[in-house]
Structure formats: structure tokens, C-alpha cells
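The whole structure should be built from the sequences, with the hints applied where relevant.
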Amino acid sequence: MTALLPNDTASAHISRRAVLQGAGALIVSFTISPAASSQDKGRAKAAGTAVKLAGSLTNTPYLDAWIRIDADGSVTAFTGKAELGQGIKTALLQITAEELEVPLDHLTLITADTALTANEGYTAGSHSMQDSGTALRNAAAQAREILIGVAASRMNVPAAQLKAASGVVIAPSGARLSYGELVSPTLLHVQAQPVSKLKDPASFRVMNRSQPRIDIPGKVTGGSVYVQDMRLPGMLHARVVRPPSYGAQLAAVDSAAVERMPGVMSIVRDGNFLAVVAEREYQAIKAMRSLAAGSKWQEQSTLPKQAELAATLSGLPSQEFRIFEKPESSPPDAAATALEATYTRPYVAHASIGPSCAVAQLRDETLTVWTHTQGVYPDRQAIAEMLSLPPDRVHCIHVQGSGCYGHNGADDAAGDAALIASKMPGRPIRVQWMREQEFAWEPFGPAMVAKARASLDSSGRIADWEYGVWSNTHSMRPGPAGALLAGQHMALALPPPAPKPLPQPEGGGDRNAIPLYALPHAKVVHHFIPSMPLRVSALRSLGGYMNVFSIESFMDELALAAETDPVAFRLKHLDDPRAREVVTVAADRFGWSGRQKGGSGRGCGFGFARYKNLAAYCAIAMQLAVEHETGRIRVERIAAAVDTGQAVNPDGIRNQIEGGILQSMSWTLYEAVSFDDTRILCVDWSTYPILRFGSVPNSLDVHIVERPGQPFLGCGEASQGPASAALANAVADATGKRLRDLPLTAARLKAAIGV
Amino acid sequence: MIAAFLAFAWRSAVEPIEPPAASGFDRSLIRHGAELAALGDCSACHTAREGRVFAGGRPIGTPFGTIYSTNITPDPSTGIGRWSQVAFTRAMREGVDRNGRHLYPAFPYDHFTLISDADIKALYAYLMTRQPIQAPAHANELPFPLNVRPLLAGWKLLFFREGRYRADSGHDSTWNRGAYLAAGLAHCGACHTPRNRLGAEKDNRLFGGGDSENWHAYAINTESQSPVPWDASALQFYLRNGWHALHGVARGPMAPVVENLAGVPETDLVAIAAYVVSVMGNPTPARLQRAAGLTATASRNTAGSSPQSALANDVGATIYAAACASCHESGQPLPFGGINLALSIDVSGEEPTNLIHVVLDGLPATGEVQIPIMPGFASTLSDRQLLALLTYLRARFAGKPLWNDVGKSIGDAR
Amino acid sequence: MMELKVNGRVHSVDAAPDTPLLYVLRDDLQLNAAKYGCGLGQCGACTVIVDGEAVFSCVIPILLLQGKEITTVEGLGSIDQPGPMQRAFIEEQAAQCGYCIPGMMMRAQALLQKNPLVSDEEIRRTLEQNLCRCGTHMRILRAVRRAVQLMQVATPART
Ligand code: FES
Ligand code: FES
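Top line first, the protein sequences correspond to chains B, S and L. Each residue of the first sequence is one higher than the one before, starting from 7 at the first, in the working numbering. Each residue of the second sequence is one higher than the one before, starting from 160 at the first, in the working numbering. Each residue of the third sequence is one higher than the one before, starting from 599 at the first, in the working numbering.
Worth flagging that the hints you see were computed from the coordinates, not collected in a lab. Just so you know, these numbers come straight off a predicted model, no measurement behind them. Where is the CB? At the ideal position from N, CA and C, for every residue including glycine. Hints may be right or wrong, so weigh each one.
Claimed, not checked - So, partial list: chain S residues that the calculated Cβ filter (under 7 Å) puts toward chain L:
id : residue
1  : A480
2  : A481
3  : A482
4  : I532
5  : P534
6  : S538
7  : T539
Said to hold, decoys possible - Covered by chain S, per the in silico footprint, the following chain L stretches (three or more residues, Cβ under 8 Å):
id : region
8  : 611–623
9  : 636–649
10 : 658–665
What follows is the structure, given as C-alpha cells:
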């Protein structure tokens with residue numbers, strides 16, 4: 007992230023003070039030091055931090071940035087991460103309750119808010135448990151020890167004889183002092199230590215227990231949960247009239263009739279940015295339609311031919327990054343068998359069920375934006391730059407939206423609301439994107455091409471391996487104001503930031519492009535394509551989905567050539583014991599060795615990866631049936647195994663893995679963004695079909711491999727890749743046909759099967 | 160006399176055979192058979208909802224009762240695995256199964272009898288090389304005496320003419336190919352020709368509009384009410400793609416037909432289109448003139464136009480503006496956007512059945528393919544409101560008076 | 599002014615008669631459960647029950663709803679006293695982002711009210727009209743099955 011303005015820290019402090027004062031409790035001060043965004047910009051240490059601290063403590067070392075204890079004993083935990091539907095709130099509370107020794111229901115959690123929480127960059131890359139979970143765990147443990155220390159001196163008992171439980175420190179005599187009694191205003195305003203006294207997993211009472219998610223009761227009873235549900239006093243409803251296609255210029259707009267429509271308060275035009283504000287929501291929608299009908303746009307044909315996408319992409323100029331080479335000498339002598347294959351993936355939409363939404367209000371020279379962004383701080387940066395405001399005059403608060411699977415329209419909607427609100431001071435402005443706007447304007451997951459070549463030695467082992475992947479960037483997130491549609495469309499026409507590849511080890515298009523398998527000779531090249539015909543950015547698991555699909559499909563092709571069972575073939579090339587265990591457990595739970603033989607329309611497939619080669623391990627086995635006459639695929643049963651390090655909320659992990667598998671099934675079997683030479687053509691659920699209930703498998707079992715005491719490994723994106731490969735491999739097993747182009751549609755499969 | 164009838168009614172069984180090996184059939188013959196099966200839309204009737212293709216079991220509603228389609232996979236016990244070419248040919252051409260039982264004319268042998276030897280051979284090769292699926296026949300639900308099969312012999316005596324297609328030398332080979340396919344294998348008339356009280360197509364009303372599974376199959380002869388008259392290229396496009404910008408989207412029982420046609424050779428579609436359009440005849444100048452106006456409006460971009468109702472106190476207009484216009488005037492192009500209702504055959508056609516059907520039940524999503532989706536309004540529109548809507552749509556978009564007996568059609572649809 | 603009967607109470611609503619029910623529920627009656635997902639009757643996020651039938655509230659203008667009984671998730675129970683359908687979803691932890699869930703619950707509720715002994719097949723077929731992007735389908739199916747059981751022992755929810 008670019009440097010924050012010098013007064014940023016102070017202002018955050020003041021805002022936090024202001025907000026917390028209401029509670030009438032102890033005011034603690036803390037320091038938010040500039041942070042790097044965790045996913046996209048590497049893990050820069052805060053200036054002056056000499057030792058490596060745990061998780062996000064590295065960048066925000068003061069304990070009171072994470073944990074606050076009031077005189078009444080209530081405890082507030084703070085996280086810079088956001089609830090995206092992944093259940094992170096519950097898991098973070100479990101961690102805090104466990105290490106701090108307080109009951110779960112005494113805890114409150116405050117999430118991503120530029121006035122209140124640490125800057126933890128984006129909630130992305132399955133980083134929340136590693137970053138925030140680890141920070142909270144260590145902060146809570148250190149806070150507990152500090153409280154015990156205070157109690158020790160007050161009770162005059164050695165700290166070692168004291169024990170904390172349920173928000174109370176207890177002496178062997180039975181004497182007790184509650185946390186509320188022990189705490190003082192600056193007690194936790196201390197820097198974290200490199201080493202914490204973490205609890206022994208054997209003594210866990212909250213962690214590693216399935217905990218019902220705290221957000222679900224509200225969600226199933228009509229609670230006010232989402233940014234879409236916000237109703238502020240005096241709030242107005244805005245709708246944007248988006249250009250019909252990328253780069254279209256607003257030539258003329260006839261707004262006179264629209265201005266006279268009932269409830270219309272304002273028509274906002276700033277360059278190619280056009281919006282209407284009305285008192286009531288449906289008035290805004292009707293006015294938006296009229297305004298759209300009265301607007302003339304000059305469009306340009308800039309899009310490639312959809313049918314020739316793979317060729318177009320690999321034909322664009324690219325930068326080469328050799329991300330892996332082992333050893334650097336030449337490969338071994340010509341081996342027994344050599345295979346080559348090319349895999350492709352289309353553009354894929356996030357397609358959240360709820361289109362993006364944001365509320366913004368300019369009041370007392372401060373612009374407050376409620377947004378379902380993944381990164382309140384970067385979003386604030388972009389909005390401030392777009393409106394030429396100092397960042398301390400912009401306050402971004404995360405409020406949940408519909409499911410978030412990466413960089414969708416959330417930031418753009420926040421930018422829209424901010425721009426409109428800046429022109430209508432005082433009134434809160436709610437901007438709700440329409441379904442067709444979400445599809446046409448969200449940044450898609452990039453289309454990609456992967457080419458694999460490998461040879462087998464006479465013992466059926468991989469002798470050498472070569473892999474290249476062609477891709478656009480997988481992050482065009484804000485920071486810069488030009489990343490926002492409003493910024494691009496306003497008269498100022500801020501240019502989108504220059505696309506950059508995300509660096510290894512996490513990578514972007516090359517995420518998971520390096521196989522975890524033990525290979526004597528290997529070379530992996532990332533061909534980064536700067537020019538972007540379609541608007542793209544981060545979609546759940548980034549390039550990991552495509553690379554795992556390709557690598558794991560290719561592993562099966564090699565296993566077939568080696569006449570080896572696919573699971574045995576993988577184990578033959580896996581040294582990492584945790585990887586081996588996940589593969590074995592998935593295979594056992596599925597009943598892999600006793601599975602029905604493939605062919606005649608039914609087949610089984612396997613897929614494995616360790617997400618980013620450094621997060622959770624996940625292996626998936628799948629059985630499906632193919633209808634010969636139509637090519638229709640019906641997934642019947644799935645077994646998965648996952649190793650997430652120390653588990654916090656096992657049912658939450660299962661929920662994430664299940665969801666990832668079904669979403670991946672949908673991507674893999676059905677989905678492709680469609681477009682002509684000018685416009686995006688998929689604008690609703692008619693034109694962008696996704697998985698429906700009729701195609702949901704009969705059973706899906708997720709098994710967690712327990713790793714007590716091991717670091718947390720994020721799992722939110724771990725199952726996408728393996729699920730896609732398990733599908734393709736099962737299709738090949740069922741039909742003898744190998745499909746290498748995503749999606750594996752019935753029509754494609756039928757064409758491959760033939761009559 | 161009775162003896163003669165019995166002699167006709169009684170048909171002998173054809174000897175069962177050992178199911179032939181798939182490898183015994185020529186690949187190109189099988190591929191040709193696949194195209195023919197697609198033209199014949201065999202899978203539409205011979206596949207149950209959520210069932211396996213060709214395994215039968217689909218209920219076919221007739222005015223006389225419900226008939227269940229049979230398993231035509233080569234399963235030896237429940238399918239046609241033991242049928243010889245001779246038995247298959249006899250069933251196709253004479254409506255008699257291998258055991259000698261007469262088949263109900265829901266199986267359109269009155270059309271299939273026109274099919275050539277070569278085509279029947281290819282169809283046989285294709286079907287006999289499908290995956291055998293065990294699926295026992297579902298008993299038909301017909302009242303006595305209709306469940307007495309020998310009676311079908313009487314029906315055949317009255318209405319059935321056995322015999323191959325004979326080319327009409329007054330027309331070119333494309334037209335003749337089209338006629339051969341449309342009258343024979345594709346059995347267009349089975350839906351598009353009205354039937355008499357005994358369920359036989361009325362010879363004198365070829366393509367005059369008929370009924371199929373609670374949908375109306377519109378007239379595709381000179382009586383066609385299509386707002387823009389069909390021409391051969393539009394029809395060819397429609398048959399290939401399942402929609403046409405000036406005509407709308409194939410739904411109901413026509414949907415699987417065009418789905419199947421997606422896989423047949425272009426020349427066959429050209430031929431069918433040429434033939435059917437010739438049956439429709441030349442449109443009158445008045446029709447053409449109106450159509451020209453419609454075409455011009457339709458091609459104008461109505462993107463985002465506001466569904467403001469001109470007649471604020473007309474209930475039908477208000478319902479249209481509130482419930483229909485946001486899609487039907489969205490400017491989203493076909494096939495996924497709502498059609499401009501001035502172009503809709505459902506609004507201007509001879510029967511209100513389909514319009515009522517679509518308004519009430521919508522076009523629900525099925526599966527995970529791109530298809531138009533429309534919500535239904537069955538539980539929110541009262542009969543009175545529906546009537547007001549239909550009246551408004553008919554007057555505004557077709558410029559025609561309301562159909563007779565709409566109340567009854569609404570009642571039937573409910 | 600239009601009168602709408604929602605969750606057993608009659609409300610006077612000052613909205614244009616062509617306004618889709620969804621916006622009246624959310625903006626005028628401040629009921630959060632029905633969600634805007636597409637406004638086209640394609641996703642089911644806005645599903646509510648009208649006279650016992652599940653409908654897409656985003657495409658039903660309020661002028662069609664005079665005198666009809668409208669039920670939303672708020673009518674099934676509250677956070678303190680969740681109804682059987684809501685309890686089932688909580689017990690099965692059947693939500694990720696949860697945005698699709700109220701629509702799922704209402705469609706399932708309408709189904710179970712009509713037929714308390716539904717088969718798994720029927721549940722799937724009925725929910726086919728509702729989309730979930732988070733992939734919560736397995737849990738949603740389990741929750742509806744559980745609701746079938748809970749409803750057999752519970753007093754029926756008001757609709
Ligand atoms: S919002 Fe009503 S169906 Fe999508
Ligand atoms: S739970 Fe997120 S869309 Fe269903």
C-alpha cells in the first residue's frame with residue numbers, strides 16, 4: 007500500500023476514542039501503524055519492528071488494538087478482517103474466548119472499520135485465520151498473562167499459582183479477582199511480545215469445538231445484517247446508469263422528463279458517470295430506466311472473439327517469469343513416455359446472489375461509507391483520492407453484503423455512493439446495483455491457458471515436468487482511485503492502475519502453478535499478460551483453481567500412461583507427510599480402493615492440492631454418472647479431507663469446504679462469461695446459469711485431519727481447485743474422454759463422446 | 160365381415176432375436192440414425208421427466224386417457240433388444256409391436272409410415288446401439304373399451320393409410336425433401352394439425368393448428384396468425400436456434416423439438432423451412448404492411464425504456480406496466496430478454512392457451528443451461544385480473560378483439 | 599394508500615400501486631428478510647408466501663395483493679422465538695453469507711404447509727427455483743428435512 011498520510015494514525019486514534027467513549031468505560035489508546043496489505047503486497051514489517059511478531063501483530067503490535075476489557079468485565083475484540091459469509095467472526099471469538107479465558111457470550115467483536123480496527127489489508131487469500139486469528143490468539147494469551155500478573159501482585163501470590171477462568175483470576179485459596187477489577191486504562195497498551203504463553207490444545211474448551219455461528223440466527227429471522235438492510239434517517243435511494251459497454255462515452259442525455267418524475271431529487275452527471283437519486287427505491291429504479299432510455303452512448307468494439315479466447319490470450323504480449331526451476335541442469339535422457347496437454351478456462355463471474363450495495367453520507371466534512379468491501383483501508387484510500395479528500399476525512403465501515411468471493415462490485419458501489427454523497431451533503435445515499443449491472447461490470451476471474459508437458463521414466467515416475475500458465479493479473483483492487491468505476495467514469499477519468507503480477511510464493515495467475523509433488527526436473531513459467539480485454543480481478547483462489555485443475559488433470563493423464571492407480575500415483579510423488587495423510591484419508595473415506603470400475607457412464611476421480619502451497623491441504627474424491635445421450639453429468643457422492651492446521655470451528659471448516667466444492671462444481675460444469683465484440687452478454691441468471699438443486703450431489707462428506715497445536719491454515723479457498731480436477735478426472739474415468747477446456751458442459755462432453 | 164376384420168386385427172408376433180452386438184452396425188449408419196432420431200424428436204416422448212433418455216415412461220396425455228411411452232433402448236427384457244429389423248420396420252410403418260399388438264396412434268406411425276427403407280434402417284442401427292436400460296413399461300391409463308387394443312384395428316381402418324412418401328413432381332427436390340421430413344419422420348402435423356373426435360388428424364386442415372400437452376401448436380398454414388409472416392430464412396434460423404428475433408422463443412413441447420434440431424444437417428432445415436413456408440402461402444399485402452411497421456419498431460433499441468402506462472386507470476394496462484414491462488420493454492435482446500409483445504404469436508395467435516399458460520406458470524428455469532426464465536403469476540393474479548390483462552394485451556399488441564370463451568380457457572389452465 | 603396484510607397485520611402503505619411487493623416490504627414495512635437478488639423472478643432471494651404459495655416478491659406489484667395474506671420470514675418466528683423452519687436452519691448451520699436463505703425458507707415453508715410428508719426429490723425440485731452462490735445446498739436440504747420433523751412436533755407457524 008502507498009504510504010498513509012502522517013496524520014492518519016492520530017485521526018484513527020481520535021475516532022476510536024470518540025466511538026468507544028460512549029460505552030462509559032476505560033479509554034485505551036492504541037496505535038495503528040501503517041500496514042501492508044496481506045494478500046497482494048507481501049508481508050512488509052512495520053518500520054522499527056525488530057522482531058517478528060505473530061500474525062497481524064507484526065504490523066499492529068499494541069495489544070489494545072486487538073483486545074479491550076471494560077471495568078464491567080465485558081470484552082471487545084477487534085479485527086481488521088471482515089465477515090464475508092465465511093464465519094470468521096465466530097472463529098475469531100472462539101480464539102479470543104479460549105486464550106483470554108472468558109465465556110464466549112461476554113465477548114463482542116468489532117470488524118473492519120477504519121476508525122476502530124487495525125489495518126489488516128484485504129480479507130482475502132484465506133488469510134484471516136493466519137493473520138487475524140493468530141494476532142488475536144497471541145494478544146489474548148498475552149492479555150491473560152498480564153491480568154494474571156496484576157492479580158499476582160494484588161493478591162501477593164506467585165503468578166504461577168494463579169489460574170484464569172471465565173473472566174476471573176483465581177488463587178489456590180479460592181480468592182478471585184475479575185478481569186474488570188484488574189484492568190486499568192493503559193494496562194493493555196503495551197507492545198506484544200514475540201512469544202506468548204499459548205494454551206495447550208488438550209485443554210481447549212472453545213477452540214476445536216463446533217460452535218454455532220453467531221451470525222446465523224439474525225440471518226434466518228430477518229435481522230438487520232447486510233448493508234442492503236441499512237435505513238438511515240433521511241436516506242435517499244440512488245441508481246447508477248452504467249454505460250452499455252466498456253469505454254462507452256456518454257454522448258447525450260435527456261434528463262428533463264426524468265427530473266419531473268415522482269420522487270426524483272437529483273440527477274448526477276460527472277463525465278460518463280450518470281446516476282439518479284430519488285426519495286423511494288422504486289422511484290429511483292423507474293427513473294434510472296427512463297434516464298437510461300434517454301441516454302446516448304458511443305460504444306467501441308474492443309472485445310476479442312469469445313470462441314477464440316484461448317488463442318487470443320496466448321497471442322497477447324506477455325512477460326515471462328520463471329517461477330520454479332529444478333535443478334537448473336538439463337532434464338534427464340529421453341524418457342519412456344512423454345505427454346503434453348493444454349487446458350483452458352473462460353472468464354468466470356463472482357455472481358453473488360445480492361448485487362453490490364453501499365451507503366455513504368457526507369456530514370461535518372467527513373464522508374462515512376458503509377460498504378461490503380474486502381478492504382476498508384484500501385477502499386478509503388481510493389475514495390479519498392477520487393474525491394481529493396484527506397484520508398482522515400473518509401471513514402469506511404464494513405457491513406456484510408451477499409457472499410463475497412473476491413473483488414466484486416463492492417468497492418465500486420462504495421465509490422458510486424461516495425461520489426453521489428459528496429454532491430449531496432447531509433443526506434445518506436444508498437446505492438444498490440441492479441442485477442444486470444453486477445454482471446456487466448463486476449471484475450471477472452480471468453480467462454487462462456495452461457500448457458503442461460511431462461515424461462515418465464521406466465519405473466513410471468515423473469522424470470521431468472514443464473508447465474506454463476498464461477494469465478492476466480488477478481488483482482486490480484483499490485488502493486488507487488482509478489481502480490473504482492466511478493473514478494474511471496467521472497470527468498476526471500482516472501486511469502486504472504497498471505496491472506501487476508502478484509509475487510510468489512502466493513502468486514496470482516501462477517498461484518499453485520508449482521506442483522507440490524517431488525519432481526527431479528521441473529520448470530514452471532508464468533506468462534503474465536498485461537493487457538486486459540475484459541475487466542478482471544480477484545476471484546476466489548485466483549489462479550489456484552485453474553492451475554490445480556490443470557496439474558491434477560495432467561497427473562491423472564500421467565497415471566493412466568503409467569498404468570498406475572491415480573491415488574497411488576500421487577502418493578508415489580508426495581513427500582510431505584501432511585499431504586500424504588490428506589490424500590490417504592480422502593481415499594479411505596471415499597472407499598477409493600473398492601470403488602466401482604470406471605467406464606459405461608459411471609466414474610470416479612481424485613484431486614489434491616495444498617492451497618498456495620502454504621495454506622490448507624485438501625483432497626477430494628468424487629463419483630459421478632454421465633448420461634451417454636446428452637453428456638449430462640450427475641455428481642453422486644463426494645468425500646473430502648482437509649488439514650487446516652489447528653482447527654478452531656470444525657463445522658465452520660466443513661461449511662467452507664462444502665461450499666467451495668459446490669461452487670467449484672458450478673464453475674467447472676456450467677460457467678463462462680459470454681460477450682460479443684462490444685458488450686458483456688451474460689446479464690442475469692438466464693444468461694449466466696449456475697448450479698441448481700437438481701444437480702446437487704446425494705452426499706458430500708468432509709473429514710478434518712486434526713493437527714492440534716499447528717499454526718492455522720486458511721481453508722476458504724482450499725477446495726476449489728481439487729474439486730474441479732476430481733470432476734474432470736471422474737468424467738474421464740466414466741467416458742474415456744479427457745476434457746481440458748472449462749467448463750465441462752454437457753454439450754462439450756456429448757461432442758467428445760460422439761454418437 | 161367380422162371374420163375379415165378379425166383377420167386384419169390379428170397380427171402375428173415377429174420372432175425375437177438375440178440382441179445384436181453394437182459392433183455389428185456400420186458407424187456412419189449409426190451417425191445418420193442419430194440425425195434422424197433428432198429430426199423425429201424421439202427422445203422427447205420416450206424419456207420420462209428426470210428419467211434416462213429413450214427409456215420411456217413419459218405420460219402422454221390424450222383426450223382419451225394417459226398413455227405411457229415405451230422403452231426403446233435395446234434392453235432385451237424391457238426394451239427393443241429382441242426386435243429384429245423386420246419387427247422394428249413393422250412397428251414404424253404399421254403401428255404393430257413385435258408381439259403383434261396394435262400400437263396407440265400417440266406413436267405417430269401414421270407419419271412414420273412415409274419413411275424410406277434406408278432411413279428406417281439407420282434409425283434401427285442407432286437405437287440398437289444405445290445403452291440398454293432396464294425400465295419396465297408403465298401401464299396405460301385408459302378407460303374401457305379404449306384399453307382393448309384390437310379396437311385400434313378399427314381406428315386404423317378408418318384413418319390410417321400405410322405407404323411410403325411419394326415425391327410431388329410439381330416441386331423441386333428441396334421442397335420434396337422438406338415435405339418428406341415434415342410429413343413423415345418430423346411428424347409436424349401430429350401437433351400442428353387439428354384432430355377429429357376420434358383423435359385422427361383432419362386431412363383437410365393440414366397444419367391448421369392443434370394441441371399438444373396443454374399447449375397450442377399454432378396454425379402454420381395459410382391461417383397462420385404470426386404478426387410478422389414467416390419466411391424460409393427466419394424459419395430455418397428458428398428451427399436451428401430455437402428462437403428468432405421477430406418471432407420469439409420456442410417453449411412448451413416445441414422446446415425439445417428445436418433442441419433436437421440443433422444437431423441435424425442444415426440442408427434438412429432448409430428443406431423443412433421451404434416446405435412449411437410454402438404451405439403457409441403468400442401473406443396478404445395488408446399483413447406485410449403491418450409486419451413492416453412491427454419490424455421497424457422492433458429493431459429500434461428500447462433499452463431501459465420506462466414502462467409507463469398510458470392508460471392509468473385500465474387495470475390490465477397497470478398490471479402490464481407493473482409486472483410485465485420491466486422485462487418485455489427492457490431492450491434485452493432475444494432469446495433471453497422478454498419479447499416485444501407486438502411480435503408475440505401468443506398474443507396474436509388463434510388460441511389464448513399458451514399466453515395464459517405462460518402468464519400463470521411462467522417459464523421456469525430448468526437445469527444449468529442458458530434459457531429464458533420468466534416468473535409465473537398463478538398465485539397472484541385473480542381470474543378477473545388475468546382477464547383484464549389479456550384484454551389489454553390483445554387490444555394493444557395484436558389490435559384484435561379478445562378470444563371467444565377466454566373464461567373457459569382460464570378455467571382449464573387453472 | 600393501499601392496505602396490505604403482512605404477517606397477520608394490516609398495514610396502510612403509501613406507495614404507488616405498481617411498486618413490486620419487495621420494495622414495500624423492505625422500505626415501507628422495514629422487513630429485512632426478503633432480499634433483492636435480481637428483480638426478475640430468476641433467483642428466489644425475494645421469495646415470500648402469498649395465500650399459501652411461494653412467490654417472487656420482486657415481480658409482484660402490490661396492486662395484485664389487496665386482501666391477500668402475505669407471509670415473510672419475520673412471520674415464521676423471531677430471533678428469541680424462532681419457528682421450526684428457522685430452528686432447523688440454525689440447527690443445521692445452513693447458511694454461509696445467508697443472503698439466499700430467507701427465500702429458501704419461504705419456498706420450503708410453502709411446500710411443507712401443503713405437503714408435510716414431502717420426499718427429498720420434491721424438496722429438490724421445489725428449491726430448483728432458488729439459487730445459492732455460496733454452495734450451501736447440502737445444508738439447506740438437510741435443514742428442510744429437519745424442518746419436516748420439527749413441524750410435526752411444533753405448533754404450526756402462522757401464515
Ligand atoms: S430478486 Fe426476486 S427472484 Fe431474484
Ligand atoms: S448462503 Fe450465500 S448465497 Fe446462499
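Hints versus structure:
| no. | hint | result |
| --- | --- | --- |
| 1 | A480 | holds (6 Å) |
| 2 | A481 | holds (3 Å) |
| 3 | A482 | holds (6 Å) |
| 4 | I532 | holds (5 Å) |
| 5 | P534 | holds (3 Å) |
| 6 | S538 | holds (3 Å) |
| 7 | T539 | holds (5 Å) |
| 8 | 611–623 | holds (count 4) |
| 9 | 636–649 | holds (count 6) |
| 10 | 658–665 | holds (count 5) |
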